[in-house]
Amino acid sequence: MSPAHRASILLTASNPFARGYNNLNIARLLLITYENDCPPCFRPVHDTQAHLPDEELQLFPCLFNDDFALISDGQSIPKDLEERCPSNGLVRQVIYAVMGEIFNERHHVGDLYSLEEAQVMVHRLRFETGHYSRAWEISTAHLPNEAMLCLDAWVSHSAPWQTGLLFELFNLPDCCGIGCKLIGTPWTDDNLLKIEDRPYSSLRQEQLDASTPEALVDVLYLAALADVRLLIFDPDAAVLDGLAIFDE
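Position one of the sequence shown corresponds to residue 1 (the working numbering), numbered consecutively onward.
Treat each hint with caution, since some may be false.
Stated by the list, open to error - For each label pair, taking beta carbons as the anchor points, the in silico distance ranges come out as:
no., residue 1, residue 2, range
1, Cys176, Ser14, 25 to 35 Å
2, Asp234, Thr33, 18 to 28 Å
3, Leu230, Leu59, 44 to 54 Å
Hints were generated in silico from the structure; no laboratory data involved. Note that beta-carbon positions come from the ideal geometry of N, C-alpha and C, so glycine has one too.
Based on the provided sequences and hints, a complete structural model is requested.
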């Protein structure tokens, strides 16, 4: 199976390493009611009125279309913008919607009723325990025995061992574990093209050509996609739900 095809298969599956959201942002939206039998709708205020504070938006009549809303009471609206807004409504509430991304898919995280509350939520959801804080400890059952033997041989080498393959291994003798430092994450094509001038399929093939066990390559890829920076394989650690287990 080609590296590109194998990576595509892994991408379509749920990634058990995925946690949290990327690119968290806050959108100020207007909750608008109109016509008695229609459900409320949400629209951003047009850029020409983005300077208006919440108290000059809430409970004011508005014009709106599918893309934006304009406060119509006490505000000067250019004729061309007015003509683009066929609907009339009332702004019932100003909403601060927290949005985030998981693997480039946009997700609605939640709604708050003030910018300060939304900023607090974003701060709490972000990983800010240092520049990076994604570390995992998982069971060695997620690698076949031959892969663990290969890793043992690599880290037992007397000289410092560097792969040059965007990961480095280190020994944890007290727990019979092996650690792996992932470099240049996330291993998306876009990011790897920026830092390595090559897509993931090229990195994957180079890892395989260096006799890296395929099972390890797969696990490292999933971890790197989730921006994991430190991965530890420990025989006493818990298994990770959703990640393949190898019964020996």
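To see whether the hints hold, each was checked on the structure:
1. Cys176 / Ser14: 25 to 35 Å: holds, 30 Å
2. Asp234 / Thr33: 18 to 28 Å: Violated: the Cβ-Cβ distance is about 56 Å, outside 18 to 28 Å.
3. Leu230 / Leu59: 44 to 54 Å: holds, 51 Å
Of the numbered hints listed earlier, the single one contradicted by the structure is hint 2.
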